[in-house]
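Trainee: I would like the entire structure built from these sequences, with the hints used as guidance.
Taking my numbering, the leading residue of the sequence shown gets 435, the next gets one more, and so forth.
None of these hints come from the bench; they were simulated from the model. Heads up, some of the hints might be wrong.
Computed cross-link-like contacts, DSS-like style, restricted to lysine-lysine with a CA-CA straight-line distance of at most 30 Å [unchecked claim]:
{"id": "1", "residue 1": "621", "residue 2": "797"}
{"id": "2", "residue 1": "947", "residue 2": "621"}
{"id": "3", "residue 1": "797", "residue 2": "830"}
{"id": "4", "residue 1": "889", "residue 2": "919"}
{"id": "5", "residue 1": "956", "residue 2": "1023"}
{"id": "6", "residue 1": "911", "residue 2": "893"}
{"id": "7", "residue 1": "760", "residue 2": "654"}
{"id": "8", "residue 1": "797", "residue 2": "826"}
{"id": "9", "residue 1": "956", "residue 2": "884"}
{"id": "10", "residue 1": "1005", "residue 2": "960"}
{"id": "11", "residue 1": "813", "residue 2": "654"}
{"id": "12", "residue 1": "1008", "residue 2": "1023"}
{"id": "13", "residue 1": "893", "residue 2": "919"}
{"id": "14", "residue 1": "1005", "residue 2": "1023"}
{"id": "15", "residue 1": "772", "residue 2": "654"}
{"id": "16", "residue 1": "797", "residue 2": "893"}
{"id": "17", "residue 1": "899", "residue 2": "884"}
{"id": "18", "residue 1": "687", "residue 2": "661"}
{"id": "19", "residue 1": "813", "residue 2": "919"}
{"id": "20", "residue 1": "919", "residue 2": "947"}
{"id": "21", "residue 1": "889", "residue 2": "772"}
{"id": "22", "residue 1": "1008", "residue 2": "919"}
{"id": "23", "residue 1": "621", "residue 2": "1008"}
{"id": "24", "residue 1": "919", "residue 2": "899"}
{"id": "25", "residue 1": "947", "residue 2": "772"}
{"id": "26", "residue 1": "797", "residue 2": "813"}
{"id": "27", "residue 1": "1023", "residue 2": "960"}
{"id": "28", "residue 1": "652", "residue 2": "797"}
{"id": "29", "residue 1": "1005", "residue 2": "906"}
{"id": "30", "residue 1": "960", "residue 2": "919"}
{"id": "31", "residue 1": "919", "residue 2": "826"}
{"id": "32", "residue 1": "830", "residue 2": "760"}
{"id": "33", "residue 1": "797", "residue 2": "772"}
{"id": "34", "residue 1": "1008", "residue 2": "960"}
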Amino acid sequence: MDNHELASTSSPKRKPGRRPGRKPKPPPAPSPAAAPAPAAENGTHDPASGQKRKRGRKPKPPAAAAAAASSDGHHHPSSPLAAAVSASDSPDPASSPAPRGRGRKSRRGRPEPPSDAGAAPHAPPSPPRRGAKKGAAANAKKAAAEVPVVEPLRWEQVAKVMPSMDAVVKVFCVHTEPNFSLPWQRKRQYSSSSSGFIIGGHRVLTNAHSVEHYTQVKLKKRGSDTKYLATVLAIGTECDIAMLTVEDDEFWKGVSPLEFGSLPALQDAVTVVGYPIGGDTISVTSGVVSRIEILSYVHGSTELLGLQIDAAINSGNSGGPAFNDKGKCVGIAFQSLKHEDVENIGYVIPTPVINHFIQDYEKSGEYTGFPILGIEWQKMENPDLRKAMGMKSDQKGVRVRRVEPTAPESGCLQPSDIILSFDGIDIANDGTVPFRHGERIGFSYLISQKYTGEKAHVKILRNSKVLEFNIKLATHKRLIPAHIKGRPPSYYIVAGFVFMVVSVPYLRSEYGKDYEYDAPVKLLDKHLHAMAQSPDEQLVVVSQVLVADINIGYEEIVNIQVLSFNGKPVKNLKHLATMVEDCNEEYLKFDMDYDQLVVLEAKTAKAATQDILTTHCIPSAMSEDLRT
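Mentor: Shown next as structure tokens:
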């Protein structure tokens, strides 16, 4: 906008003595012979033009156009800062003192500026009139002095989040997974990238599945081109959290560790930061907390407290922090629900689980896991069932179905006991306990807050009598473990028969991600319902048969459990290998599931084993853990 336009939109001065309410006369039309010269910037008439400016008052300009002009009539470039100041700190012309004797006349018929905070900013005051130059200059100085008072508060709010973003790192990992089909070697290595973040004590947190079966782990900070070698301190398979560190001191310079916030409430805003697929730079997605409950952790095959959010969590987001609106970390992104009927369902590991992992490592120097109550229980919502179990009207609890033989609880709890309370907190008939105001949660949450080896006070009802026990808590011993925890799979080979231990990774390797539908029914039944009778019990199967002359007719035996050898029950793989190696009988007899029987001549089978190993380039007939 040039000077002429600025002048035409500003309020011109008028001579004193103008009557209020008198309509201004329209200016005469300019003659073609002599065009009027532009008006001066201060609104007075130009004597050279030969025309005198009429007393008519031009309408007030729009607020958006007036905001572009300063009080002295000169053009300044607009900016968000100037707009914010003009809307909040600039003095209103209506509130500033007017020149004596002219205030009422000058305001007649003038439209009032908008009062809404979201509307356009107020127009700056008109150019100073006679007798008011000092007051206008003072107001301009006052407005200029108030500019830095409000705006820095907004930038401080942004600055609270920016250092947190710098603490988010990108994790590069090279994996070498075990080969369950050929357990004497590993699969081809592959690389992956995920997210992590820096916490106190020169440590970095990420997901356990991000560094599973790692060979090398490297970290890169935001805005850096250097990758630093990292050391894995602990891996928590159940909670899907891993802790790393970097020995190079250069990595920790200029970065502030994240601070953890409290457990958020429903509808609280969350922001997930990480390095997902689709680009190389940092990514930010936002949403709200949709649900807080006990969730199934896919990687750990456990159930722990978790947050459901509607922010997008994609591949590569794993291990990245979730921030609240104050810039504090309230969780770790770790999994999402992919289904054609759902959209934007992601899951976050909350701070209670994270703090449990960190404190567990600090107490014992390693990750010991989350303890459980080694029982299976039943709801007591049916009134007839409660009456039959001898419960009073004011008593609530859950019924014990089975007790794991390897659990410490087997010494005090029995089937059909009613658990009334855990650590003094009453358990409802549906197995829930009070959580927060208006919320309830499964009582397994109380157990997960304990540490391995700690004791818990349990009150039960048995034969209409209330009993109390102090139970020592321990981790879960499964017949089919959920993880092999980085160790290579165990195997034993004799006469071409490859014996292995069944685990969840083994089933996933044999039958894919849908192993719960495709695996043999008997293996699935043991996986879901069987309990180990001793701490060292394992489920041993014939994984495959390496074809040779000695095993003709047995080629189709695949993934069938071995029940006994020469009439003796098989406890675990090492027990089977020991019995076969020490066998002095004429035949090797293996009793299999489905009533199958395998018989081999002992001397011929042991002699053929070495030839089979040579043919298939197998270095040893048994894994290293069985030889020790």
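Trainee: Are any of the numbered hints broken by this structure? If so, which, sorted upward?
Mentor: 1, 3, 8, 9, 11, 13, 19, 21, 24, 26, 31, 32 and 33
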